[in-house]
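Participant: One letter stands for each residue in the lines below.
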Amino acid sequence: MKIIVCIKQVPDSEAKVVAADGKASWGDAPLVINPFDEYAVEGALQQKEAQGGEVIALCLGPETAKEALKHALAMGSDSAILVSDPALGAVDSQGAAKLLAAAIPKIGGVEMVVFGRQTLDDGTGLTIAQTARVLGWPLLSFAGAIKVDGGKATVERVFEEGKQTISASLPAVVSVVQSIGEPRYPSFMGIRKASKAVIPQWSLADLGVTAPTPVVTRAALDNPPSRDVTCEIITGETPAQIAEALAEKILAEKVL
Amino acid sequence: MYFELNEEQRMWQKTVHDFVAAEVKPKARDIDETATFNWDATRKMGPIGLLGLSIPEEYGGAGVDAISAAIAIEELGWGCGSTALAIAAHNGLGTAPISLYASEELKKRWLPLVASGRGKLGSLALTEPGAGSDLQGGVRTRAEKVGNEWIINGSKMWCTNASIAEYIITLVRTNPAGGSRSLSMILVPTNTPGLRIAPAEKKMGLKGSPTHEVTYEDVRVPLDNLIGEANRGLHQTLATLDGGRISIGALSVGLAQAAYEAAIEYSKQRHTFGKPLAEHQAIQFMLADAATEIEAARLLIYRAAWLKQEGRPYSKEAAMGKLYATEMAERVSRNAIQIHGGYGYSREYPVERIYRDARLMTIGEGTSEMQRMVIARQVLLND
Ligand SMILES: Cc1cc2nc3c(=O)[nH]c(=O)nc-3n(C[C@H](O)[C@H](O)[C@H](O)COP(=O)(O)OP(=O)(O)OC[C@H]3O[C@@H](n4cnc5c(N)ncnc54)[C@H](O)[C@@H]3O)c2cc1C
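If you read the sequences in order, they're chains A and B. No gaps in the numbering here: position 165 of the first sequence is 165 in the numbering used here, and each next residue is one more. No gaps in the numbering here: position 315 of the second sequence is 315 in the numbering used here, and each next residue is one more.
To be clear, the hints were calculated from the coordinates, so they are not data collected in a lab. Errors might be hidden in some of the hints.
[Claimed, not checked] Beta-carbon label-pair distances, calculated as ranges:
1) A:Phe159 - B:Ala239: 55 to 65 Å
2) A:Phe159 - B:Glu310: 53 to 63 Å
3) A:Asn223 - B:Thr367: 55 to 65 Å
[Unchecked claim] In silico DSSO-like links for lysine-lysine, alpha-carbon gap of 30 Å or less:
4) B:Lys44 - A:Lys196
5) A:Lys48 - B:Lys120
6) A:Lys16 - B:Lys268
7) B:Lys275 - A:Lys16
8) B:Lys107 - A:Lys193
Values in this document were obtained by computation on a predicted structure and should not be read as measured data. C-beta: ideal position from N, C-alpha, C; glycine also.
Start from the sequences, fold in the hints, and give me the full structure.
Facilitator: Laid out in structure tokens, this is it:
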């Protein structure tokens with residue numbers, strides 16, 4: 001089975017993101033593979049192990065995003081492709097879906113496209129459904145487990161209210177949640193392969209498309225209002241007294 | 001000259017660092033307090049390649065370059081001295097002699113198992129009650145050829161990993177005449193009748209790394225369990241220890257790095273005389289010395305590793321790296337306690353554990369005195 005795993009590069013979760021002049025910046029914080037996408041790579045690799053086949057990591061982003069693809073290779077993906085073009089400015093989720101949906105048929109013979117549930121930066125989680133829509137493929141979202149049998153994928157959807165089992169014929173788009181399993185650590189052999197890999201870069205011309213016009217534009221980007229935090233140390237004779245004073249405070253402040 | 005890790009080494013360093021931060025460092029205090037080995041993390045090390053650093057890929061290992069091996073042990077040392085020592089001993093002592101010298105059959109039988117993380121580890125028993133620094137003159141454990149078997153009798157001391165190992169590579173006397181060509185290495189599976197592994201020694205530190213006395217009473221193993229050539233065991237041992245020195249040096253750099261990071265953090269939080277400790281010059285000087293010495297030790301270790309992987313002589317440089325890095329780790333962890341004041345002496349903070357762990361490093365795999373002897377012999381020979 002040929003599986004595509006779509007990944008994005010995002011600022012590290014510990015980065016301090018600030019907004020200035022309508023733009024977000026994160027200083028020199030490292031860029032990493034979107035943590036949710038590590039689960040997607042894990043899910044894709046599990047399918048490869050179960051079914052045989054190959055896993056191809058696909059990323060839309062600037063050239064630096066090759067680092068994120070290398071992480072996917074080091075985890076065990078067979079190959080990687082970067083979609084990147086200097087003509088691309090800000091790409092919204094629909095634009096990203098159009099570009100990914102143009103790259104996937106070019107790869108050819110793909111039976112499953114796996115996404116993480118959302119990204120850590122924009123976090124809309126929209127690209128997944130939009131990509132499925134442009135491809136015209138069914139979407140099996142929030143999968144905590146995937147089973148493929150006879151040209152059909154069955155997933156267990158996991159959400160707050162409970163679980164749901166649904167299936168669709170392949171090819172299909174799947175998004176995974178954490179229950180798929182902890183992402184494996186890269187191996188030295190994977191790293192060796194990744195560090196030597198030459199990752200092909202596909203331009204808009206290669207895909208035969210023009211730069212998508214954003215349908216969503218950002219009117220403003222502001223920092224969250226700063227909060228005044230005061231710290232109060234609760235004292236008392238005994239731990240029980242301290243606990244009681246603390247409980248009263250919590251109730252008085254209506255935290256609980 | 002180019003002082004940068006290559007891309008592969010950088011990715012490897014980050015991977016091992018992330019792994020250690022998640023799976024090893026958080027358990028360091030607990031495994032020290034309870035004297036238990038961290039099997040959970042060790043099982044996960046197999047697929048990453050951490051249990052096959054010196055094992056070629058065809059036997060299930062990662063076959064990493066010497067600098068990448070040093071990086072891995074340094075990162076493990078940064079997380080937990082005990083776990084790092086067990087894994088360093090497994091790679092450098094417990095598997096390297098098999099990769100380097102053993103027959104195809106022994107390699108196939110044992111290496112894939114111990115590299116995978118599904119089996120137990122490897123161990124090497126050189127030291128005896130009467131033989132440590134002086135192996136050539138001191139080793140009394142003997143193996144006699146009877147029929148198609150070796151019969152081994154004797155006892156070994158301080159064998160790291162013995163109770164968590166599949167086998168013990170045992171240095172034995174095979175030629176009663178003595179001399180440098182009288183010792184051999186024989187692989188003894190730990191389930192062999194007559195082999196007795198005593199309860200773990202009670203140690204000052206490194207309590208999560210079990211160390212054992214081992215006795216051999218008419219232990220019988222096939223002749224084919226000989227590793228390398230008969231009566232070449234001392235040469236094989238000395239070559240193994242050269243590599244082991246890089247590893248113990250790297251481990252020490254990791255320990256020092258952890259103590260230094262803890263000291264930096266504490267010195268920013270704790271206030272005395274109206275300012276953070278970090279703004280007192282006496283504290284700053286300790287931190288500056290630590291930063292400088294850690295860097296110097298790391299460079300010595302990397303260079304010894306680089307010489308090793310280039311296939312050039314590296315025994316002097318490995319001895320220099322081990323000597324400097326291990327003594328440095330003791331100083332840096334000592335000062336880290338000093339910077340913590342009374343809290344540094346408490347088990348609530350990691351620096352007292354690091355100090356206890358670091359103390360072994362100037363003794364194991366060749367004492368500082370032996371390193372100085374190796375270095376002196378070479379500098380006097382050449383100048
Ligand atoms: C935690 C731990 C783990 C260990 N793991 C292993 C293991 O896995 N396998 C293994 O085989 N061994 C292991 N050892 C043993 C270790 O390698 C020895 O303790 C070490 O080599 C020193 O030998 P010794 O203890 O017999 O000291 P000795 O050789 O008796 O030395 C005592 C002191 O005399 C000094 N000295 C000796 N000879 C000279 C000389 N000619 N000139 C000047 N000074 C000299 C030494 O430097 C030392 O200071 C371990 C030890 C410990 C504590």
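Participant: Are the Cα positions of lysine 16 of chain A and lysine 268 of chain B separated by 30 Å at most?
Facilitator: holds, 20 Å
Participant: Go ahead and decide if the range 55 to 65 Å is satisfied by the Cβ distance of asparagine 223 of chain A to threonine 367 of chain B.
Facilitator: holds, 58 Å
Participant: May I ask you to test the hint 53 to 63 Å on the CB atoms belonging to phenylalanine 159 of chain A and glutamate 310 of chain B?
Facilitator: This hint holds: roughly 56 Å between Cβ atoms.
Participant: Take the C-alpha atoms of lysine 48 of chain A and lysine 120 of chain B, compute the straight-line distance between them, and say whether it is at most 30 Å.
Facilitator: Answer holds: lysine 48 of chain A to lysine 120 of chain B is near 29 Å, not above 30 Å.
Participant: For the pair supplied as a hint, lysine 275 of chain B and lysine 16 of chain A, is the alpha-carbon distance within the 30 Å limit?
Facilitator: Between lysine 275 of chain B and lysine 16 of chain A the Cα gap is close to 26 Å, so the pair holds against 30 Å.
Participant: Quick one: are phenylalanine 159 of chain A and alanine 239 of chain B within 55 to 65 Å, going by C-beta?
Facilitator: holds, 59 Å
Participant: For the pair supplied as a hint, lysine 44 of chain B and lysine 196 of chain A, confirm whether the alpha-carbon distance does not exceed 30 Å.
Facilitator: holds, 25 Å
Participant: If you draw a straight line from the CA of lysine 107 of chain B to the CA of lysine 193 of chain A, is it 30 Å or shorter?
Facilitator: Distance of about 25 Å is within 30 Å: holds.
Every hint from the earlier list agrees with this structure, and none is contradicted.
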